[in-house]
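Count along the sequence shown from 1, add 13, and you get the number used in the working numbering.
Treat the hints as calculated values from the structure; they're not laboratory data. If you're wondering where the values come from, they're calculated on a predicted model, not measured in any experiment. It is possible that some hints are incorrect.
Said to hold, decoys possible - Computed beta-carbon distance windows for the label pairs: (1) SER131 <-> GLY92: 25 to 35 Å; (2) ARG60 <-> GLN110: 14 to 24 Å; (3) ARG59 <-> TYR88: 18 to 28 Å.
No residue lacks a Cβ here, since even glycine has one placed at the ideal position from N, Cα and C.
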Amino acid sequence: MMRKRNSIFHFYFLATVFALFQKSAETDYILDRVVNLDEDDATDFRRIRCPLCDWQPCSSSRWYCGDCDYPEYFYGACGTLWNTFSTRGMCPGCAHQWHWTSCLRCEGWSPHENWYASDAD
Numbered sequence: 014m015m016r017k018r019n020s021i022f023h024f025y026f027l028a029t030v031f032a033l034f035q036k037s038a039e040t041d042y043i044l045d046r047v048v049n050l051d052e053d054d055a056t057d058f059r060r061i062r063c064p065l066c067d068w069q070p071c072s073s074s075r076w077y078c079g080d081c082d083y084p085e086y087f088y089g090a091c092g093t094l095w096n097t098f099s100t101r102g103m104c105p106g107c108a109h110q111w112h113w114t115s116c117l118r119c120e121g122w123s124p125h126e127n128w129y130a131s132d133a134d
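Work out the full structure, taking the sequences as your base and the hints as a guide.
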């Protein structure tokens with residue numbers, strides 16, 4: 014009976030270590046993707062504006078990674094609060110690439126890439 018308990022304990026111990034390793038590897042991957050953004054691509058908030066109402070966010074503006082129906086249809090959000098334009102729409106918590114961004118002023122949704130002013134503007 015003692016041998017059976019030891020092997021069950023050993024199995025759970027190994028399963029826990031493996032799960033922790035997987036979490037660590039996943040976290041490292043997410044951090045690498047967020048940290049390795051091009052240094053030359055520093056955020057210029059003067060060139061970012063809502064396509065619907067022309068509101069311009071600043072560096073202190075924050076978005077929330079939350080479950081979303083229309084238009085993103087993303088479930089399993091992590092709850093991170095961050096400036097979506099500092100990572101070009103990628104959540105630093107779960108590495109979800111947001112394709113839509115809501116305006117903090119008019120609350121309308123627009124494709125994330127449409128927020129960036131072109132050189133012609």
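Hints versus structure:
no.	hint	result
1	SER131 <-> GLY92: 25 to 35 Å	33 Å, holds
2	ARG60 <-> GLN110: 14 to 24 Å	20 Å, holds
3	ARG59 <-> TYR88: 18 to 28 Å	34 Å, violated
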